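*Asks:* Listed here are the chains, written in short residue letters.
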Amino acid sequence: MTPLRRRSTIRVAGTAWLVAALLLAALVLGLPVLAAVAAPFAVALAVGLACSPTPRVSVSLELGRDRAVEGDRVVATLVVRSSRPIDRVEVTLRLPPAVTADGPPRAALRLGVEREARAELELHCDRWGAQRIGPVDVLARDLLGLVDHRGWAGAAAMLRVYPHPPRLRALLQPDRTLVHTGNQRARQRGEGTEFADVRSFTPGDRVRRINWRVTARRGFPHVTLRHPERNTDVVLFVDSFRDARLGPEGTLDLAVRALAGMADAHLGRRDRVGLIGFGGVLRWLAPGTGISQLYRVVDALLDTEVVLSYAWKDLDVIPRRMLPPSAMVVALTPLLDPRAIRAVLDLAARGTDLAIIEVDPQAFAPPPADRVEQLAQRLWRLWREARRAELREAGIPIATWSPDAPLDAVLAGLLLARRRRWRIPA
Amino acid sequence: MAHPRLSLRAGVIALACALLAVTAAALLAQGPVLAPLRAVGAGAGAIAVVGLGIGLAWGRGVAVPAAVALVAVDYALVLLGAPRAAAAATAAAPLVAGAVFLSAELGWWAVELRRSAREAPQALLRRGAVIGVVTALAVGLAEGCLLAAGGAVSGGVAPTAIGVAAAGLLLGMAAWLAARSAAQT
Numbered sequence: 056m057t058p059l060r061r062r063s064t065i066r067v068a069g070t071a072w073l074v075a076a077l078l079l080a081a082l083v084l085g086l087p088v089l090a091a092v093a094a095p096f097a098v099a100l101a102v103g104l105a106c107s108p109t110p111r112v113s114v115s116l117e118l119g120r121d122r123a124v125e126g127d128r129v130v131a132t133l134v135v136r137s138s139r140p141i142d143r144v145e146v147t148l149r150l151p152p153a154v155t156a157d158g159p160p161r162a163a164l165r166l167g168v169e170r171e172a173r174a175e176l177e178l179h180c181d182r183w184g185a186q187r188i189g190p191v192d193v194l195a196r197d198l199l200g201l202v203d204h205r206g207w208a209g210a211a212a213m214l215r216v217y218p219h220p221p222r223l224r225a226l227l228q229p230d231r232t233l234v235h236t237g238n239q240r241a242r243q244r245g246e247g248t249e250f251a252d253v254r255s256f257t258p259g260d261r262v263r264r265i266n267w268r269v270t271a272r273r274g275f276p277h278v279t280l281r282h283p284e285r286n287t288d289v290v291l292f293v294d295s296f297r298d299a300r301l302g303p304e305g306t307l308d309l310a311v312r313a314l315a316g317m318a319d320a321h322l323g324r325r326d327r328v329g330l331i332g333f334g335g336v337l338r339w340l341a342p343g344t345g346i347s348q349l350y351r352v353v354d355a356l357l358d359t360e361v362v363l364s365y366a367w368k369d370l371d372v373i374p375r376r377m378l379p380p381s382a383m384v385v386a387l388t389p390l391l392d393p394r395a396i397r398a399v400l401d402l403a404a405r406g407t408d409l410a411i412i413e414v415d416p417q418a419f420a421p422p423p424a425d426r427v428e429q430l431a432q433r434l435w436r437l438w439r440e441a442r443r444a445e446l447r448e449a450g451i452p453i454a455t456w457s458p459d460a461p462l463d464a465v466l467a468g469l470l471l472a473r474r475r476r477w478r479i480p481a
Numbered sequence: 014m015a016h017p018r019l020s021l022r023a024g025v026i027a028l029a030c031a032l033l034a035v036t037a038a039a040l041l042a043q044g045p046v047l048a049p050l051r052a053v054g055a056g057a058g059a060i061a062v063v064g065l066g067i068g069l070a071w072g073r074g075v076a077v078p079a080a081v082a083l084v085a086v087d088y089a090l091v092l093l094g095a096p097r098a099a100a101a102a103t104a105a106a107p108l109v110a111g112a113v114f115l116s117a118e119l120g121w122w123a124v125e126l127r128r129s130a131r132e133a134p135q136a137l138l139r140r141g142a143v144i145g146v147v148t149a150l151a152v153g154l155a156e157g158c159l160l161a162a163g164g165a166v167s168g169g170v171a172p173t174a175i176g177v178a179a180a181g182l183l184l185g186m187a188a189w190l191a192a193r194s195a196a197q198t
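Protein chains in written order, with my numbering: chain A, 56 to 481; chain B, 14 to 198.
It should be emphasised that the hints constitute simulated quantities derived from the structure, not laboratory data.
Quick caveat, the model's predicted, so the values are computed rather than measured.
Among these hints, one or two may not hold up.
[Claimed, not checked] Cβ-Cβ distance ranges computed for the label pairs, FRET-style:
1. B:ARG73 to A:ASP181: 31 to 37 Å
2. A:VAL83 to B:LEU160: 21 to 27 Å
3. A:ARG111 to B:LEU182: 31 to 37 Å
4. A:SER138 to B:ARG73: 32 to 38 Å
5. A:VAL83 to B:TRP189: 18 to 24 Å
6. B:ARG73 to A:GLY85: 31 to 37 Å
7. A:PRO152 to B:ALA179: 52 to 58 Å
8. B:ARG73 to A:VAL362: 42 to 48 Å
9. B:ARG73 to A:SER457: 47 to 53 Å
10. B:LEU108 to A:PRO152: 48 to 54 Å
Note that CB positions come from ideal geometry on N, CA and C, so glycine has one too.
Turn these sequences into a full structure, and let the hints guide you.
*Replies:* Structure (structure tokens):
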């Protein structure tokens, strides 16, 4: 149990001064009536100070669950125990900014002879992340409110709040696929379900692949070729060097939600998904498949945060096995940091199948206050347009995602841009 | 094990307490003051009521003892006035002591409630009952003090010296407590 610190409230000093003044006035003016008026205050002060020993308090914090999704409500139960009965104990749960309660996260309790009480607080998970809930600030007060006993108790609990992923209908098609079965239509021809071509029969072809209709028309055997269904490696690349933020929302929040949705969708298509957090702190997760990989990816995303760093970083710091040659890399970046821009240009130069979703930071820029700021924002927009042009010149398809637009529409645009890459201009 | 339902808003109770405290202070400030002291007494009473109201609206606890002191000044002026009015005021001293104490308690409670968590209804009832009981005790205590003051011991150097020493001790204690509170804050 934690001992609390005893502190007199302002009421003690106020009452003491009042009693002293009334007694002095009674003496000076010769009015015992004033002493009678002062007497209740004096007795209350003496009794209040004498009968308020410092209690020892322990608080245990129990969360209804330790994992939640953004927008979920979680019940936190506080069990308060003390070494002696306390007339009024106020417990305040320390909360991170991303978790809120309905009103102040406080409860007032009375610990009677059983010396134990319990309070429930409903918490609202506003933003994803690994959120530290607690410890608990304790304020015990006697019946007359003369003395405070303050301190903190209880251990903090971790609440992992997962991002609410957007529902995606379309996903990017990779240039290359792996040899394992999946849901992606491979560019190669072989055994599959989707029609690819018809060609004349060659020795070794299976008889069941003979296209009888074309064979009858042409007079000699033809076989149908199909695209096999394969899986692919998808590496999700999140730029966490910088973040444009306005209020509780920022570009990194959007990126993490989008990545969670894309990881979910790609793993649902039996792809192998890996993650690279490229920023002040480098994080990576080797490509893998299955539901456990989804949890690993989302857990890794929860730890993604902007860490200020001036160190120059390039692709050499990323382990080689993190970027398999056949992998499709989907980068989400606000294009704010030159190190991230240089890294994606390097990836493209290595021949990596790359697509960039630019999380538009302009939506998070405060509106210009005067003409100078207006001009500065215009210059900034031009600088950004120049960076986009540089990336397009390097053959990287890029799509800009504003917070108010659905991610599906952005992916559809990116899909189109990736197809146009291979079109030869007339 | 207690499972309190935190439903009532402390603000409503705080407002009610503040209004009650101000009303009690205003009633006390309506004492029958004689002509020469009428203006001073009325001024002190008015400042007490307005100051208490503003102090409670801002959640400043220091307004409570200040208002009580001003009401006591008003009351002392009544006692120093005409003998008839003074006799009536002296007779009413236990009630005045109870009213002043009630006003101060409600004022403190209002300040506390402004800063505290939502209270369980039974906690509010219990605190209200405690204030009622303590006020009744205050009336009894004041009556006892008056009886003691009107008893066998009447004046003299020794009782005055004891009274001065007690008041000095209390002043010293008040200064020490105030300094300690300021250091802790």
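*Asks:* Would you mind marking each hint as holding or not holding in the structure?
*Replies:* Now the hints, each set against the structure:
In this structure the supplied range 31 to 37 Å holds for B:ARG73 paired with A:ASP181, their Cβ-Cβ distance being about 34 Å. Hint check: A:VAL83 to B:LEU160, Cβ distance near 22 Å, so the stated range 21 to 27 Å holds. Evaluation of the 31 to 37 Å hint for A:ARG111 and B:LEU182 yields a pass: the beta carbon distance comes to about 33 Å. As the Cβ distance of A:SER138 to B:ARG73 is approximately 34 Å, the hint placing it in 32 to 38 Å holds.
For A:VAL83 paired with B:TRP189, a C-beta distance near 22 Å keeps the hint of 18 to 24 Å intact. Separation of B:ARG73 from A:GLY85 is about 34 Å and conforms to the stated range, judged on CB atoms against 31 to 37 Å. Distance hint check: the CB atoms of A:PRO152 and B:ALA179 are about 54 Å apart, consistent with the given range 52 to 58 Å. Between B:ARG73 and A:VAL362 the beta carbons are some 44 Å apart, a value that agrees with the proposed interval 42 to 48 Å.
Taken as a hint, the range 47 to 53 Å holds for the pair B:ARG73 and A:SER457, whose Cβ atoms sit roughly 49 Å apart. At roughly 53 Å, the beta carbons of B:LEU108 and A:PRO152 sit within the given window of 48 to 54 Å.
Consistency note: the structure conflicts with none of the earlier hints.
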